[in-house]
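*Asks:* Residues per chain are reported as follows:
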Amino acid sequence: MTQRSGSASGPAHKTLEIGMALLIGVFGLVVIFGSLKAGINWGAEGPRAGFFPFYIGAAIVASSAINLWNAQRDDDGRLFAEWGQLRQVMSVVVPTAIYVGSMPFIGLYVASMVFIAWFMRWLGGYRWLTTIAIAVGMPVVTYLVFERWFLVPLPKGPIEDWLGL
Amino acid sequence: MEELANLFHGFAVALQPYNIMLMVIGITLGVIIGVLPGLGGANGVAILLPLTFSMPPTSAIIMLSCIYWGALFGGAITSILFNIPGEPWSVATTFDGYPMAQQGKPGEALTAAFTSSFVGALFAVIMITLVAPLVAGFALRFGPAEKFAVYFLAFCSFVGLSKEPPFKTIAAMMIGFALAAVGLDSITGQLRLTFGVTELLNGFDFLIAVIGLFGIGEILLTMEEGLAFRGGKASINLRVVLQTWRELPAYWMTSLRSCLIGCWMGVTPAGATPASFMSYGIAKRLARRGNNFGKGEIEGVIAPETAAHAAGTSALLPMLSLGVPGSPTAAVLLGGLLIWGLQPGPMLFVEQKEFVWGLIASMYLGNIVGLIVVLTCVPIFAAILRVPFGIIAPLILVLCAIGAYSVHNSTFDVMLMLVFGVIGYLLKKCNYPLAPLVLAIVLGDKAEEAFRQSLLGSQGSLGVFFSNGLVSTIMALGLVALFWSVIQEGYSRLRTSAA
Numbered sequence: 001m002t003q004r005s006g007s008a009s010g011p012a013h014k015t016l017e018i019g020m021a022l023l024i025g026v027f028g029l030v031v032i033f034g035s036l037k038a039g040i041n042w043g044a045e046g047p048r049a050g051f052f053p054f055y056i057g058a059a060i061v062a063s064s065a066i067n068l069w070n071a072q073r074d075d076d077g078r079l080f081a082e083w084g085q086l087r088q089v090m091s092v093v094v095p096t097a098i099y100v101g102s103m104p105f106i107g108l109y110v111a112s113m114v115f116i117a118w119f120m121r122w123l124g125g126y127r128w129l130t131t132i133a134i135a136v137g138m139p140v141v142t143y144l145v146f147e148r149w150f151l152v153p154l155p156k157g158p159i160e161d162w163l164g165l
Numbered sequence: 001m002e003e004l005a006n007l008f009h010g011f012a013v014a015l016q017p018y019n020i021m022l023m024v025i026g027i028t029l030g031v032i033i034g035v036l037p038g039l040g041g042a043n044g045v046a047i048l049l050p051l052t053f054s055m056p057p058t059s060a061i062i063m064l065s066c067i068y069w070g071a072l073f074g075g076a077i078t079s080i081l082f083n084i085p086g087e088p089w090s091v092a093t094t095f096d097g098y099p100m101a102q103q104g105k106p107g108e109a110l111t112a113a114f115t116s117s118f119v120g121a122l123f124a125v126i127m128i129t130l131v132a133p134l135v136a137g138f139a140l141r142f143g144p145a146e147k148f149a150v151y152f153l154a155f156c157s158f159v160g161l162s163k164e165p166p167f168k169t170i171a172a173m174m175i176g177f178a179l180a181a182v183g184l185d186s187i188t189g190q191l192r193l194t195f196g197v198t199e200l201l202n203g204f205d206f207l208i209a210v211i212g213l214f215g216i217g218e219i220l221l222t223m224e225e226g227l228a229f230r231g232g233k234a235s236i237n238l239r240v241v242l243q244t245w246r247e248l249p250a251y252w253m254t255s256l257r258s259c260l261i262g263c264w265m266g267v268t269p270a271g272a273t274p275a276s277f278m279s280y281g282i283a284k285r286l287a288r289r290g291n292n293f294g295k296g297e298i299e300g301v302i303a304p305e306t307a308a309h310a311a312g313t314s315a316l317l318p319m320l321s322l323g324v325p326g327s328p329t330a331a332v333l334l335g336g337l338l339i340w341g342l343q344p345g346p347m348l349f350v351e352q353k354e355f356v357w358g359l360i361a362s363m364y365l366g367n368i369v370g371l372i373v374v375l376t377c378v379p380i381f382a383a384i385l386r387v388p389f390g391i392i393a394p395l396i397l398v399l400c401a402i403g404a405y406s407v408h409n410s411t412f413d414v415m416l417m418l419v420f421g422v423i424g425y426l427l428k429k430c431n432y433p434l435a436p437l438v439l440a441i442v443l444g445d446k447a448e449e450a451f452r453q454s455l456l457g458s459q460g461s462l463g464v465f466f467s468n469g470l471v472s473t474i475m476a477l478g479l480v481a482l483f484w485s486v487i488q489e490g491y492s493r494l495r496t497s498a499a
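Protein chains in written order, with full-length UniProt numbering: chain W, 1 to 165; chain D, 1 to 499.
Source of the hints: derived by calculation from the structure; they are not laboratory data.
Don't take every hint at face value.
Lysine to any residue pairs mimicking SDA-like chemistry, simulated, CA-CA at most 20 Å apart [said to hold, decoys possible]:
#1 Lys37(W) x Ser410(D)
#2 Lys156(W) x Lys353(D)
#3 Lys429(D) x Lys37(W)
#4 Lys429(D) x Gln85(W)
#5 Lys105(D) x Ala250(D)
#6 Lys14(W) x Asp76(W)
#7 Lys163(D) x Val480(D)
#8 Lys14(W) x Thr188(D)
#9 Lys105(D) x Thr188(D)
#10 Lys163(D) x Lys156(W)
#11 Lys429(D) x Asp76(W)
#12 Lys353(D) x Ala12(D)
#13 Lys429(D) x Lys156(W)
For reference, chain D alone in the conformation it holds in the complex:
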């Protein structure tokens, strides 16, 4: 009951006119970010983060999270109208969304996508409202060893669930850890890995890395493909929306299943992209018209969109309650919290009640605002896409430079951003995943601190990570996640040999 009261208090915070204005601005910016290839949610939030430094933290996080919702919505627009997934998690939406648009049903496809996104997000927010305080309460009992175990679980999940080769995922992640270690050691106060370069005293900022790896890297990839936009006409009118809404309840089972897949994948933290693919794959296998998937089946739009939004939203649950972000964008939001002096994790629920519940309330409202904005503004967003890449690309590059500069007011960071951009392009081309790298830059310091504090307590014995039931369970889960693909392969071999 106390949670309900807190939530209503949160609504009172989120419903202030200033915050509602920020929501609308955030959603609009987010959709633009989602629509433009080369600007992802993580990158968009990173570029716009400095804009929020002068705002109160609650307003700032409301705006940033709304940019995130907007980017999640925006990805669907380009996928359906132009067959260009603006975001990786909207790739699966193109499979059936684009054929639907070509068959003269873009309005139906967009309405189905937006509504499913909304349903997925709503489901995840309700889950966060109910579960987050419990998880946070539980996590208050955590010592350094348990904290490290949670980080261990998060990183192992990335290795086990990633579709990239495991050793590439590990290499990328370890690069992130190494970059996070550069600069002043927070425990001993000693300098390390700076090699006498004064600019490296503060270490590598994750925002610079994000802007370079995702923003510049994507632009370079797009340039290589010589992307040409093929614009289509998009219009949604009330009749189409209402008609599609009447059809949607028939697919409640697909929606529910996709919500559950999304929430699971968001929390674990595999993220929105695998969630959308998994949900699409399962829907294809189980749907009555599964054979029609790929030819313009509305269920093929509902499944990935619901799961992607549920995953994107539920990725904030571990960020808020444990301080472990479930997605790269959540990692950027976490970085934002640290910049505002807020310590994400269980104490946030105790010390910053107003902030946490304001954010959770804004998730409900932000998604409603998002649905209204996208349903009404599709033609305008589609028009943005008709602006040729020759104009959009330099503007995005300038925006990236501004974003990188504003983090520390340093032109060295802008150069670093470009270096990260080229590295990001090469890593991506060689199939190294970037998300674990970013996550490791963000969490590296905290994971190391927990690790060293645990070792300090145990006089250097690694047994501390298996010293009680709680920490052993989390570590064991981490090991299972780490070797998940091996376990799966062994299991399927056993089954085939038994059969």
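Bound conformation, chain W alone:
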């Protein structure tokens, strides 16, 4: 974990801890709300569907309240991460989200090719030859191993249809 020193700056660890505790608390409330809708009392078949999750939700809210209290109490001045580090993380999260989101439309193979190529070229700075070899090679190997050898179908798009795969 990074210490707050010199030029390093970024969100404080404490802020994230508080945010996380609140988020988990809200999740607990959602669980409680959902359980109430499903019924938390005793029915003909014993405890009803919401009975168990209701107490789980209550435990989530209670423990996140304690975590929130702890998070507010201790502030050791640590950083959650530096902005540069967070940019690195986002540079993976955003393209992966695009990759995952495009999969239903263009299929896994084409999406993977573009994603690997983008990652290697942009983040890794590799030569085009290496990039293309791996970006094309990996999905081809995947196709052979998964679809041919183990008979596991993977999502395909218009290009695979056109190729008759």
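Following the hints, complete the assembly by docking chain D onto the known chain W.
*Replies:* Relative to chain W, chain D alone:
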């Protein structure tokens, strides 16, 4: 004696050429998984689980468990050669393994690590062979209340033995329970917590959660650190291996102690990581050259590796005999058993003898195969590590997506995986443990079922969990485990005030 006959029958199953081939493939894949940061044993098994759907269950579990052994072996390679623990349980191995490698003794360190791993695993498998049928026989007398008590004990152990703050462990665990509750209620057939989203009808699959939390989460953490691999040269030749083997018997006491610590921690279920740290700590305190620990002492490699493997292996004992997995990877294996229609627990020993003993036999053989594979292939595995992260990372991400998709053939699951990945990254950064979360997703339904059935039998009285000696004892053990840190603190205060 009947067990011995069953075991030999198991060997006959495991020794079929097809199964031996799967063992070698499994070990190799496992070592690769263990070597690559960002791919853990639990995650690797989860990604590769769909590959085994078309196999017979025994072959499938042999392959998956061999991936697990391989991952346990693989963690040591990166720890010793590159000071990068590929797995959390190999962190303690870096303390002395990496200095040894830097002093020009990587071969000795690797041989010691692999051999100790093998010894730890062998000890645990022998224990499983002898004890599992007894535990299973005993557990056949369990009713819903006893079953719930066992789950209660398992979850309390996580809270009590976890090094993370207890309320964070509880929060993580309860999130897992809540996620497990989403979808169709198995007892009443009613929908709950779906909020009208049709994709949630089937609930959250633990595999998606595992791949996201462990796989994607780890990649994000690694990206943050901007990890650069510093490759070293690794070669093991027969002379080094034999020479190290001649040295090892001198440390039999450390090995035996580490085996016992590992087995205990694996069964309880604290897991391989605390086992390796505890074993290292105790070895450091008791060893004659304890002061030298951290500077390249071979005993500092033997202790954590033996304990980690003994724990990793013995974590399968409660999974097989009680249906309660002792580690996240064991939880994924348990999920696999459920997918193949096998009900883990005491009945497995009665109804699926061939499967259980085939698996136990494969543990013996898998570890022998593992030892041979890792001793011969170290340079190749070390070469994998020299492939830069810029190439490995997107390939791992694609593999995770494939794994998540193949669980239900649904692209919604792939999106869910990414969400779990980001959540996993944040939880990890905020010190929330992920293992209890996964365990709760896997076991949530079963624990709830046992809880509600017990209450149904007792007309809603919680007294049912203390209604006889057996269930009371297990519940009491659970409470002790839950408050273990408080008890320990009180005890040490008492001692200091007495002194």
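*Asks:* For each hint, tell me whether it holds in the structure or not.
*Replies:* Now the hints, each set against the structure:
no.: 1; hint: Lys37(W) x Ser410(D); in the structure: violated, 28 Å
no.: 2; hint: Lys156(W) x Lys353(D); in the structure: violated, 41 Å
no.: 3; hint: Lys429(D) x Lys37(W); in the structure: violated, 34 Å
no.: 4; hint: Lys429(D) x Gln85(W); in the structure: holds, 13 Å
no.: 5; hint: Lys105(D) x Ala250(D); in the structure: holds, 19 Å
no.: 6; hint: Lys14(W) x Asp76(W); in the structure: holds, 8 Å
no.: 7; hint: Lys163(D) x Val480(D); in the structure: holds, 16 Å
no.: 8; hint: Lys14(W) x Thr188(D); in the structure: violated, 43 Å
no.: 9; hint: Lys105(D) x Thr188(D); in the structure: violated, 62 Å
no.: 10; hint: Lys163(D) x Lys156(W); in the structure: violated, 45 Å
no.: 11; hint: Lys429(D) x Asp76(W); in the structure: holds, 15 Å
no.: 12; hint: Lys353(D) x Ala12(D); in the structure: holds, 13 Å
no.: 13; hint: Lys429(D) x Lys156(W); in the structure: violated, 36 Å
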